[in-house]
Amino acid sequence: MNRGSAGQLHQPRRLAAGALSLVLVISVIISALLLSLVFLYASSQTLLLHYRLTAEVQRNARSGLAYLLGDPAFPNFQPVSLDLYGQGNDSVQLEKRPWGLFDVVIARASKSGRQDTVMALVGSHFAAPGLAALYVADGQKPLSLIGTSQVVGDCYTPRSGIRPGFLSTHNQPQPKELVTGQIRISKASLPVRVDSTVNCLRDFSQGAVAAWLPRQAQALRTLHSISRSFSQPPLVWFQTRPATIQHVALSGPIVLVSTHKLLLESDARLDNVLIIAPVVVVKSGFQGRIQVFARDTIQVQADCQLAYPSALCAYNTQGAATVLLGERSQVSGIVLAATPTGSTAPSLLRMHESTRVAGQVYAADVLENCGQITGTVMCRRLGYATASSFYENYLVDSRIERDLLPADFLSAKLLNPAASLGILAWLP
Amino acid sequence: MQKRLSASSLVEITVAAVILVLVFTLALTICAQLGQHHPAQRQLRGQQLVQQLAATTIRTHAWYAKTTMVGPITLERIVSPYQGKPHLLQLQIQAMEQDEIIAHYQEVIYVPPSPTP
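Keeping their order, the protein sequence lines are chains F and X. At position 71 of the first sequence the residue is numbered 71 (the working numbering), and the sequence of numbers has no breaks. One rule links them: number in the working numbering = place in the second sequence (from 1) + 428.
It is worth saying that the hints were derived from the structure and are not from the lab. Among these hints, one or two may not hold up.
In silico SDA-like pairs for lysine to any residue, Cα to Cα no more than 20 Å straight-line [as the list claims (entries may be wrong)]:
id, chain 1, residue 1, chain 2, residue 2
1, F, Lys176, F, Arg399
2, X, Lys513, F, Tyr85
3, F, Lys111, X, Gln475
4, F, Lys141, F, Tyr391
5, X, Lys513, F, Ser420
6, X, Lys513, F, Arg62
7, F, Lys111, F, Gly86
8, X, Lys513, F, Asp71
Model, not experiment: these values are computed from the prediction.
Isolated chain F, as found in the complex (with noise of 0.2 Å):
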């Protein structure tokens, strides 16, 4: 035991075993630390660059759809470069092009291998006479308002003024507030020149197409759903017979043509497309978002939905031009019946006391059971049909609400020349 204990005395000091493993365990936990310091300065430092760039090729595509915006004379078809603050860094290119009432307008920025591409459907403020409620031109007749009716905003009626109105097939007390707003004398024309609105709409019939689309754009043999997006050229179907449009979903810049009536059943699914022909009727229960452009007559029938923006315009040089929509439809939009002035057809938009439009409604001659409108109504004269009679200038059961209409409601640069553009709607 005794010389045990000496050995042990007498043997020089030793660090335990575990103490090696203890400093490896140490310096590999510290070169951890080091590296992970050095990869988060690293990787801060690309996402840093990569946030910038992203939101800088995100302003300068904003801005090139301002660009587009504040220059109303930009050429359609003609993609145009810009650098835009002149330094070389900022290009951005942009091109528009119309589309129905609207105009489609694309931005595309690019800098240092990034891009960003914005799309926009672009429509326009209303100009002055959109800003009242109803505006009805001077036909010596005075407006007589009867039931429930009123007008709520400002509103243009004939020199003989506006009064309350009675019906024998109405019983109803008479409206107390007739006008809202303030009341002005109107004058014996629209505002907005029904010519120049009608050569414009003419453009829009099956023979001059190929005028308001590009040269790239592409046939569509056989009618299967299409989702397609608004940096694609249009896609046109082309009819020379009646035809009806059922079981598809359509999407894009997609225009069906026909020479003869079209159809649109229920449970075709249209999204911002284009639709021209001499006739077309749209079924019952019908939902979408399309422009439509008949020379005779379009008819919207019972319990249709058609969401903003969407467009019904029916315009003839020849012969009359009808837009009927029926019980219970909801339009948002514009709503457009249009003839030359002078025309022995006149233009006619009847609509139903349940019918519901949000928008900008405008009849070059006569609109007949005025509906419920949010938004503004421009008509040569109001009547109001019954089976046996008809009655001028008479609104029956019907509310015209101006100020319910939301301020960044846009409408069509054809009704509104005057007034300034803005964003409708983001494409996709």
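Keeping the supplied structure of chain F fixed, place chain X upon it in accordance with the hints.
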């Protein structure tokens, strides 16, 4: 016969733990210091400030030049007509710290005329 390493003693484990805690504390302190004074962080803060000011300018239609201070950062806003077009403005905002530009923002803005009844 294979030699065996002896197990670590309680003292060794304690010393190792103390060293680890010290190293971690030191590393975290360095990280925090770097986070505060790192150029990337300053630039990011500058970017956030210029974007906030741009959003406020566009929302409130404040189309005039202005210089503001946010802590040590100076924000300078310049608004000028764009290429002589009547409804286009060029909005420029710079964030500066100690006479160094840490963030820059510029955009073309469309300002439509307000409708008159």
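To see whether the hints hold, each was checked on the structure:
Under the criterion of a C-alpha separation no larger than 20 Å, the hint pairing Lys176 (chain F) with Arg399 (chain F) is consistent with the structure, at around 13 Å. Between Lys513 (chain X) and Tyr85 (chain F) the CA atoms are separated by roughly 14 Å; this keeps the pair inside 20 Å, and the hint holds. For a cut-off of 20 Å, the pair hint linking Lys111 (chain F) to Gln475 (chain X) stands: about 18 Å separates their Cα positions. Restraint check for Lys141 (chain F) and Tyr391 (chain F): satisfied, since their Cα atoms lie roughly 11 Å apart, inside the 20 Å limit.
Among the hinted pairs, Lys513 (chain X) with Ser420 (chain F) is consistent with the structure: their alpha-carbon atoms are about 14 Å apart, no more than 20 Å. A C-alpha spacing of about 17 Å is found between Lys513 (chain X) and Arg62 (chain F), which places the hinted pair at or below 20 Å, so the restraint holds. Of the pairs offered as hints, the one joining Lys111 (chain F) and Gly86 (chain F) holds, with about 14 Å between alpha carbons and a cut-off of 20 Å not exceeded. At most 20 Å may separate the alpha-carbon atoms for a hinted pair to count; Lys513 (chain X) and Asp71 (chain F) meet this at roughly 8 Å.
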